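Participant: Chain by chain, the residues:
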Amino acid sequence: MALDIVSATTSFFNTLATDSAGSAVRAQLVTYGSSASSIVPADFLKKYNNASPMPVRPLIAYRGSVITGNSRTVNEMFVKWFIYDDEQSQYYRINTLIPLIVAAYPENAIPHAYIEYSGASQEAPDPAYQMPVRSLTFVIKNRQ
Amino acid sequence: MADQTLDIKNVLAGITRMMDRVSEGIDQGLNAGATLIEATDKETEAYHGMSGATRASSTAYVIGNGKDGSSEASAGYQAAVEALTGFTGHEGQALKTDSGITLQSAERGIILTTFTDYAQDLETANAGEKAHLGPSLLSKATVVTSFIASFSKQKLS
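These protein sequence lines are chains G and R, in that order.
For the first sequence, position 105 matches number 105 in our numbering, and the numbering has no gaps at all.
For the second sequence, position 106 matches number 106 in our numbering, and the numbering has no gaps at all.
Derived by calculation from the structure, the hints in this document are not laboratory data.
This one's a predicted model, so the numbers in the text were calculated from it and none came from an experiment.
Idealized CB from N, CA, C, for every residue including glycine.
Do not rely on the hints blindly, as some may be mistaken.
To be verified - Heads up, simulated DSSO-like pairs for lysine-lysine below, C-alpha to C-alpha not over 27 Å straight-line:
#1 R:K130 x G:K141
#2 R:K130 x G:K47
#3 G:K46 x R:K130
As the list claims (entries may be wrong) - Cβ pair distances, simulated, as ranges:
#4 G:R143 x R:V143: 46 to 52 Å
#5 G:A21 x R:S157: 43 to 49 Å
#6 G:A128 x R:G109: 28 to 34 Å
#7 G:D86 x R:Q120: 17 to 23 Å
#8 G:G69 x R:E91: 39 to 45 Å
Turn these sequences into a full structure, and let the hints guide you.
Facilitator: Now the structure itself:
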């Protein structure tokens with residue numbers, strides 16, 4: 001069965017935002033004074049400004065990356081979570097969240113697909129926001 | 001029943017020849033993969049660019065098995081220098097740094113990079129909004145694997 005881009009993307013996002021599989025991540029966010037409302041699509045970050053401040057940090061932003069396949073079949077979708085925190089917190093809370101996020105995505109987390117965690121980026125601030133950030137890359141593969 | 005003997009020297013020589021052929025296939029696959037990845041990155045629409053330095057200096061090269069990519073890196077850096085010379089739209093500069101990647105003796109790989117001091121920012125800013133190196137590599141990783149398998153098989157046939 002071909003991988004459905006829309007449902008796979010929705011499932012992947014909701015795993016952290018609302019589903020039981022991501023409850024440990026949301027609980028940790030609450031511990032840090034943040035909440036599930038700090039789990040947002042990446043492009044939402046650009047709409048925040050002084051009048052409309054960013055969600056409380058740590059915040060976790062989703063971005064879809066490249067999709068491979070041919071005209072009939074989607075083979076792989078690469079998706080990323082970007083974990084941001086305030087400058088004074090540096091990477092401690094970010095690094096604490098990484099294993100919780102990875103654990104929320106067992107291989108069969110999405111119907112008709114395999115999920116693989118393929119690693120985290122290095123510690124480096126986002127130059128646009130001057131905030132510490134690390135990204136986690138996952139691959140959603142067509143289960144054939 | 002006739003005796004059957006096995007000359008271990010011939011067997012070992014055969015295995016060595018086979019390994020050499022596979023190695024040649026891997027090299028060919030990686031070279032073809034690097035060409036494809038570089039072309040993919042030069043055609044990306046992930047960013048628009050101002051000076052053309054990122055696109056011009058985008059370089060994919062094979063490392064390992066005696067290759068360090070130094071000549072490709074020099075050419076990529078020179079492309080960035082040329083694109084940024086006289087350009088005043090931003091303050092970015094050409095930059096060539098060591099990749100920091102160390103391979104074990106049997107390992108080989110492909111590096112895709114650009115030679116500007118804002119390359120890292122492009123990958124990171126706004127949650128990777130304009131990231132292109134990672135996506136270009138990821139999008140062709142499976143194809144490169146198939147190239148390597150295909151060339152290795154061809155060498156063995």
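Participant: A separate judgement is required for each hint: does it hold in the structure or not?
Facilitator: Outcome of the hint check:
1. R:K130 x G:K141: holds, 24 Å
2. R:K130 x G:K47: holds, 17 Å
3. G:K46 x R:K130: Holds. G:K46 to R:K130 sits at ~13 Å (cutoff 27 Å).
4. G:R143 x R:V143: 46 to 52 Å: violated, 20 Å
5. G:A21 x R:S157: 43 to 49 Å: Roughly 47 Å apart at Cβ, these two residues keep to the hinted range, so it holds.
6. G:A128 x R:G109: 28 to 34 Å: holds, 30 Å
7. G:D86 x R:Q120: 17 to 23 Å: holds, 21 Å
8. G:G69 x R:E91: 39 to 45 Å: Holds, since G:G69 and R:E91 (Cβ atoms, about 40 Å apart) stay within the stated range.
Violation of the numbered hints given earlier is confined to hint 4; every other hint is satisfied by the structure.
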